[in-house]
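Residue-level listing of the chains:
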Amino acid sequence: MDTVSIEVNTVAELAQAPAEYRDAAAKIVRSHAINELYGAQVFDEPAVAFAPTPYWKWLTCRVAMEEYGHHQRFFRLGQKMGIPEDAMVPGKTDKRPLSIFEFTMTSWEQFCVIKLLADMAEIIQVEDLMACSFRPLRDEAAKTMPEEKFHAGFGLRSCIELCRTAAGKRDVQAAIDALFPGMPAFFGQPHSKNNALYRKWGLKRSTNEAMRADYIERARVLVEDKLGLVLPAPA
Amino acid sequence: MPFDPAVVAAHADALHSQCWFDAAERPFSVGEEFALAELAPTIARVAQWGEARRIADDARGNAAYDADAHEAALLKARAQAVAGRDAVLEALSAIVDRGSEIFFAAAERALARAGLRDDELSRVAAGAAAEAVYRAALADAVTGREHRFVRVGACFAAGRWPLARIGTTLYVL
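Going down the list, the protein sequences come from chains A and B.
Under the working numbering, think of the first position of the first sequence as 112, with each following residue one higher.
Under the working numbering, think of the first position of the second sequence as 58, with each following residue one higher.
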């Protein structure tokens with residue numbers, strides 16, 4: 112598919128963009144609004160109860176607030192773009208959140224691994240948006256990035272802490288084994304028609320396959336080089 | 058008592074005018090000692106931000122934390138039984154939405170005044186403040202101002218951080 116050189120600087124300008132561009136931009140904003148909120152609801156908020164001390168509970172509480180804030184950013188952008196509010200809220204829309212959120216989290220170790228591996232996946236998606244042709248979306252991605260990096264760093268620091276004991280190391284490895292195989296699905300199907308449209312209009316730069324390969328390599332560095340554990344094969 | 062969203066809104070409106078973490082590391086005033094005595098039989102002043110993590114990360118603080126979490130869940134259930142889930146969520150979301158930047162910026166400033174920069178501790182402090190103010194607003198809206206959560210919220214609003222209650226001692230930065 113040929114690429115189209117286009118730069119949309121404001122939401123007002125978006126109204127003049129081709130319908131295919133507007134639909135593609137709306138799909139991305141909607142997806143981020145839904146998944147940021149759903150992730151906070153199924154992982155971050157419940158993790159407060161699993162955290163081992165008040166210090167980690169408050170940190171987790173703050174991380175949940177930041178994830179909710181990311182939803183708010185994309186939600187507000189979506190409102191300005193004319194996306195119906197219910198279409199950006201899980202439970203009120205037919206659009207399902209990403210499959211990784213179907214994982215049932217039952218421990219602090221699993222939450223730390225979610226921050227380590229799921230937030231790394233989010234970073235790769237957001238990095239791609241930072242060159243997006245729709246400037247309001249690019250700006251929101253740039254604002255989101257420092258917090259996403261902190262969250263992933265929190266995942267790494269907490270996993271390193273847990274791995275100081277044999278039991279902790281075993282639990283972190285078990286959490287990686289349970290979570291990682293499903294993680295690459297975060298990047299969508301190969302040869303995706305949606306992704307081709309996003310690249311055609313400069314909304315995204317990378318193919319799903321390239322992001323997935325990048326993710327697996329970064330996850331390998333984290334799990335094998337930093338933690339000294341084993342990265343299982345993707346599903 | 059019914060759940061009163063106007064009471065929660067008043068807490069949210071006051072967020073900008075409080076002095077979050079401003080009194081950290083300072084000696085207690087007589088007025089503060091009097092107010093803190095309402096929260097625990099013994100008060101221990103934590104004199105430095107550097108001590109905050111060690112005390113908040115002490116697992117002996119879990120019993121009091123868990124008891125507060127249980128109390129907060131009961132209050133929320135009472136509020137939802139009266140006003141409905143969505144109304145309670147909408148009212149309390151204002152605390153989180155409007156407090157998020159305020160608490161974090163205040164914690165960063167207070168740490169900077171102490172010559173420190175610590176992105177994690179800033180977030181922990183901001184999370185603690187958000188949780189306390191959320192619970193204070195909830196308790197005030199359900200049972201009134203005499204609830205202990207309202208006093209803890211006032212302690213944060215006065216610039217302190219109650220870090221942990223271990224046994225009969227409350228540790229306060």
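Hints were generated in silico from the structure; no laboratory data involved.
Heads up, the beta-carbon is just placed ideally off N, CA and C, and yes, glycines get one too.
Watch out, some of these pointers could steer you wrong.
[Said to hold, decoys possible] Examples of chain B residues lying across from chain A (beta carbon under 8 angstroms, computed):
id : residue
1  : A69
2  : D70
3  : D114
4  : A120
5  : S157
6  : G172
7  : L173
8  : D175
9  : V181
10 : A183
11 : G184
12 : A185
13 : A221
[As the list claims (entries may be wrong)] Here are the simulated SDA-like cross-link-like pairs (lysine to any residue), alpha carbons at most 20 angstroms apart as the crow flies:
id : chain 1 : residue 1 : chain 2 : residue 2
14 : A       : K203      : B       : R155
15 : B       : K133      : A       : K191
16 : A       : K254      : B       : E165
17 : A       : K203      : B       : E147
18 : A       : K254      : B       : R142
19 : A       : K260      : B       : E165
20 : A       : K254      : B       : E147
21 : B       : K133      : A       : P157
22 : A       : K254      : B       : I159
23 : A       : K254      : A       : F186
24 : A       : K254      : B       : D143
25 : A       : K254      : B       : A162
26 : A       : K203      : B       : R174
27 : A       : K191      : B       : E177
28 : B       : K133      : A       : K260
29 : A       : K260      : B       : R142
30 : A       : K260      : B       : L146
31 : A       : K203      : B       : G141
32 : B       : K133      : A       : K254
33 : B       : K133      : A       : Q152
34 : A       : K260      : B       : D143
35 : A       : K254      : B       : R155
36 : A       : K254      : B       : G141
37 : A       : K260      : B       : S157
38 : B       : K133      : A       : F186
39 : A       : K203      : B       : S157
40 : A       : K203      : B       : D176
Against the structure, the hints:
1. A69: At 14 angstroms from the nearest chain A Cβ, A69 (chain B) fails the 8 angstroms test, so the hint is violated.
2. D70: Constraint on D70 (chain B) not satisfied, violated at 19 angstroms.
3. D114: Status holds, d = 4 angstroms.
4. A120: With Cβ-Cβ at 11 angstroms, over 8 angstroms, it is violated.
5. S157: Because about 5 angstroms separates S157 (chain B) from the closest Cβ in chain A, which is inside the 8 angstroms limit, the hint holds.
6. G172: violated (21 angstroms)
7. L173: violated (16 angstroms)
8. D175: violated (12 angstroms)
9. V181: Status holds, d = 5 angstroms.
10. A183: Check passed: Cβ of A183 (chain B) comes within 5 angstroms of chain A, closer than 8 angstroms.
11. G184: holds (3 angstroms)
12. A185: This interface hint holds because 4 angstroms falls under the 8 angstroms limit.
13. A221: A221 (chain B) check passes; min Cβ-Cβ to chain A is 6 angstroms, inside 8 angstroms.
14. A:K203 - B:R155: Given pair K203 (chain A), R155 (chain B) is violated - Cα atoms ~24 angstroms apart, limit 20 angstroms.
15. B:K133 - A:K191: violated (33 angstroms)
16. A:K254 - B:E165: holds (18 angstroms)
17. A:K203 - B:E147: holds (16 angstroms)
18. A:K254 - B:R142: Violated: K254 (chain A) and R142 (chain B) sit about 31 angstroms apart, past 20 angstroms.
19. A:K260 - B:E165: Satisfied, since the Cα-Cα distance of roughly 18 angstroms is no more than 20 angstroms.
20. A:K254 - B:E147: With Cα atoms ~25 angstroms apart, K254 (chain A) and E147 (chain B) exceed 20 angstroms; violated.
21. B:K133 - A:P157: Holds - the C-alpha atoms of P157 (chain A) and K133 (chain B) are around 16 angstroms apart, at most 20 angstroms.
22. A:K254 - B:I159: Measuring from Cα to Cα gives roughly 17 angstroms; hence the hint holds.
23. A:K254 - A:F186: holds (14 angstroms)
24. A:K254 - B:D143: violated (29 angstroms)
25. A:K254 - B:A162: Cα-Cα ~16 angstroms, so holds.
26. A:K203 - B:R174: Violated, because 41 angstroms separates the two Cα atoms, which is more than 20 angstroms.
27. A:K191 - B:E177: Distance ~33 angstroms between K191 (chain A) and E177 (chain B) Cα, so the pair is violated.
28. B:K133 - A:K260: violated (33 angstroms)
29. A:K260 - B:R142: violated (33 angstroms)
30. A:K260 - B:L146: violated (29 angstroms)
31. A:K203 - B:G141: holds (17 angstroms)
32. B:K133 - A:K254: Violated - the C-alpha atoms of K254 (chain A) and K133 (chain B) are around 33 angstroms apart, more than 20 angstroms.
33. B:K133 - A:Q152: holds (17 angstroms)
34. A:K260 - B:D143: violated (32 angstroms)
35. A:K254 - B:R155: holds (17 angstroms)
36. A:K254 - B:G141: The given pair, whose Cα atoms are some 34 angstroms apart, is violated under the 20 angstroms limit.
37. A:K260 - B:S157: Given pair K260 (chain A), S157 (chain B) holds - Cα atoms ~18 angstroms apart, limit 20 angstroms.
38. B:K133 - A:F186: Between K133 (chain B) and F186 (chain A) the Cα gap is close to 26 angstroms, so the pair fails against 20 angstroms, i.e. violated.
39. A:K203 - B:S157: The hint is violated at about 25 angstroms.
40. A:K203 - B:D176: Violated: K203 (chain A) and D176 (chain B) sit about 35 angstroms apart, past 20 angstroms.
In this structure, the hints that do not hold are numbers 1, 2, 4, 6, 7, 8, 14, 15, 18, 20, 24, 26, 27, 28, 29, 30, 32, 34, 36, 38, 39, 40, in rising order.
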